[in-house]
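Could you put together the complete structure from these sequences and hints?
Taking this note's numbering, the leading residue of the sequence shown gets 1, the next gets one more, and so forth.
Incorrect hints may have been included.
[Stated by the list, open to error] Here are the in silico distance ranges between beta carbons for each label pair:
| # | residue 1 | residue 2 | range |
| --- | --- | --- | --- |
| 1 | Asp407 | His210 | 53 to 59 Å |
| 2 | His415 | Arg11 | 49 to 55 Å |
| 3 | Arg75 | Ser420 | 48 to 54 Å |
| 4 | Pro177 | Arg436 | 45 to 51 Å |
In short, the hints are calculated from the structure, not lab data. Ideal placement from N, C-alpha and C gives every residue a C-beta, glycine not left out.
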Amino acid sequence: MDGSWVVKYDRPVWQIMHRCADAMPPVFRYEDVRSWFTTNYPEVNEATIRAHLIGLTDGGRAKHVQFAQRSPVFRRVARGEYAPIPVDERGEDPGPPPVSTSKIKMSGNGAHLHAPSAARRQPPVATGDSAPVPPEAVGDDSDDEDPEVAEESSDDETPAIPDVILLGSVGERVNVPAPAKEVYRDMSFQLGRIDAEQWGREWFVLSAEHGLVAPNEWISPDSRTLADLDPDYRVVWASWVVTRLESLVGCLEGVHVRLDAPNAFAGPLFAGLQEAGAVVSSGDVIPSITHSAPPAPAQEPEEPVASEPEEPVAQEPEEPDLAPVVQIGSASSIAHALADPRRAMPASDLSGLPQSRGLYGWFVDPAGARELNRCLRLPVRAGLIFVGQVGGSSWHSLADPVLNLRDHIERVQLHGLARSSTFRMNLATVLRAHLRMTSLDDDRLTDWMLEHLSVSCWVGAEPGALRELEQQVVDELDPPLNVDRSPATEYRTRLGQMRSGIA
Numbered sequence: 001m002d003g004s005w006v007v008k009y010d011r012p013v014w015q016i017m018h019r020c021a022d023a024m025p026p027v028f029r030y031e032d033v034r035s036w037f038t039t040n041y042p043e044v045n046e047a048t049i050r051a052h053l054i055g056l057t058d059g060g061r062a063k064h065v066q067f068a069q070r071s072p073v074f075r076r077v078a079r080g081e082y083a084p085i086p087v088d089e090r091g092e093d094p095g096p097p098p099v100s101t102s103k104i105k106m107s108g109n110g111a112h113l114h115a116p117s118a119a120r121r122q123p124p125v126a127t128g129d130s131a132p133v134p135p136e137a138v139g140d141d142s143d144d145e146d147p148e149v150a151e152e153s154s155d156d157e158t159p160a161i162p163d164v165i166l167l168g169s170v171g172e173r174v175n176v177p178a179p180a181k182e183v184y185r186d187m188s189f190q191l192g193r194i195d196a197e198q199w200g201r202e203w204f205v206l207s208a209e210h211g212l213v214a215p216n217e218w219i220s221p222d223s224r225t226l227a228d229l230d231p232d233y234r235v236v237w238a239s240w241v242v243t244r245l246e247s248l249v250g251c252l253e254g255v256h257v258r259l260d261a262p263n264a265f266a267g268p269l270f271a272g273l274q275e276a277g278a279v280v281s282s283g284d285v286i287p288s289i290t291h292s293a294p295p296a297p298a299q300e301p302e303e304p305v306a307s308e309p310e311e312p313v314a315q316e317p318e319e320p321d322l323a324p325v326v327q328i329g330s331a332s333s334i335a336h337a338l339a340d341p342r343r344a345m346p347a348s349d350l351s352g353l354p355q356s357r358g359l360y361g362w363f364v365d366p367a368g369a370r371e372l373n374r375c376l377r378l379p380v381r382a383g384l385i386f387v388g389q390v391g392g393s394s395w396h397s398l399a400d401p402v403l404n405l406r407d408h409i410e411r412v413q414l415h416g417l418a419r420s421s422t423f424r425m426n427l428a429t430v431l432r433a434h435l436r437m438t439s440l441d442d443d444r445l446t447d448w449m450l451e452h453l454s455v456s457c458w459v460g461a462e463p464g465a466l467r468e469l470e471q472q473v474v475d476e477l478d479p480p481l482n483v484d485r486s487p488a489t490e491y492r493t494r495l496g497q498m499r500s501g502i503a
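Dropping the structure here:
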């Protein structure tokens with residue numbers, strides 16, 4: 001670097017949003033904006049697009065100081081729907097915002113008034129008018145977004161810093177009234193508090209009896225944890241917390257909310273926050289397989305054996321496609337491939353499924369995940385939810401003559417009887433009340449599966465090895481709806497409780 005600082009794109013992102021608005025139809029959604037950026041400015045990341053869409057919408061989040069002096073570019077016409085403001089009404093607003101003197105204080109801790117120390121060290125950014133952007137504007141996805149450079153470079157390594165952090169605990173508590181941030185003494189809560197304060201983001205404390213409270217708000221310690229309370233109370237509690245959060249920080253649409261809390265808190269809150277439009281992440285719910293990892297080709301499970309050329313594999317050319325797949329390295333590669341949503345085909349069109357034995361993985365879309373979330377009262381992410389095998393040695397292979405992937409998935413799981421398929425039975429158990437099913441075999445479940453599910457597959461392995469391979473893949477991926485021969489988890493315990501009520 002020669003000491004000069006240049007704009008990352010050919011113009012600040014807020015100016016790009018004006019061009020984007022001119023290209024939008026009269027009513028559009030976020031996906032239309034993202035598609036436009038993908039075509040015209042693919043280097044602008046998704047978090048930046050969301051922040052600017054919301055910040056430049058009339059009545060957008062007031063806490064985002066960098067947009068306070070900007071003229072709005074969009075209007076919200078319905079939940080998730082926007083309209084561009086005519087050019088003659090929105091103004092050009094060509095210059096960077098002046099240093100803000102705003103004293104907005106939402107949560108009571110004032111943390112959002114102080115940019116993170118890393119952001120304060122960023123040098124000023126020169127715009128096309130050579131006017132420096134003040135440090136206050138660089139702190140949080142501002143016009144020339146120096147922080148997003150770091151965010152983009154680490155997209156595959158570390159998660160983006162959230163807009164709002166919610167901390168909860170069921171551990172040790174003080175026994176006298178105190179500020180909420182001092183009530184919970186267990187290590188995980190205090191570490192989460194340190195992260196929230198260092199990030200400089202809005203954060204709140206979750207309480208079973210007080211709902212959502214500011215860190216400095218004095219409260220009496222809870223006499224019970226949320227896990228001790230009735231599940232129906234937890235649902236009402238979650239609605240109360242979401243409403244309270246919206247009253248403090250404004251519209252949650254597009255806001256990244258991080259839940260650092262036990263499942264007793266995160267479970268009921270996940271669906272409510274997602275329904276409000278928030279992008280939700282949780283420290284307790286991290287997928288074991290990241291889809292950013294390049295999947296190994298499903299047709300070459302013998303790759304790990306390549307380092308052993310001395311073994312007499314070459315004399316039996318048929319074997320490398322079958323025998324090595326039960327090795328740990330190959331199982332891991334197959335797990336990555338099976339968990340890759342890009343390999344999945346929609347349940348409404350399974351003509352591409354092979355008529356061979358192998359493994360399969362069921363995926364749920366975001367809307368379906370929210371419905372499972374509400375029904376299970378546990379956090380369910382969009383993505384892989386179940387893994388199974390067809391053609392392996394088991395009692396099922398003796399009872400069911402359907403021994404190929406396409407027929408099993410279409411005839412047994414999509415259109416068969418619930419008691420003939422563990423996966424269909426689990427879905428029926430979870431969704432029967434929500435879908436108002438008259439029986440476990442109601443066609444409403446099939447319609448739901450066709451709308452929200454997709455499936456991936458991997459072909460290969462001898463029948464005797466396939467069963468063992470399935471277990472290795474399930475152990476690695478830990479899909480929430482896999483119950484058989486898996487360690488007890490809160491998901492499996494909840495499923496067991498729900499199934500016990502079925503005659």
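Broken hints, numbered, in rising order? Every hint satisfied by this model.
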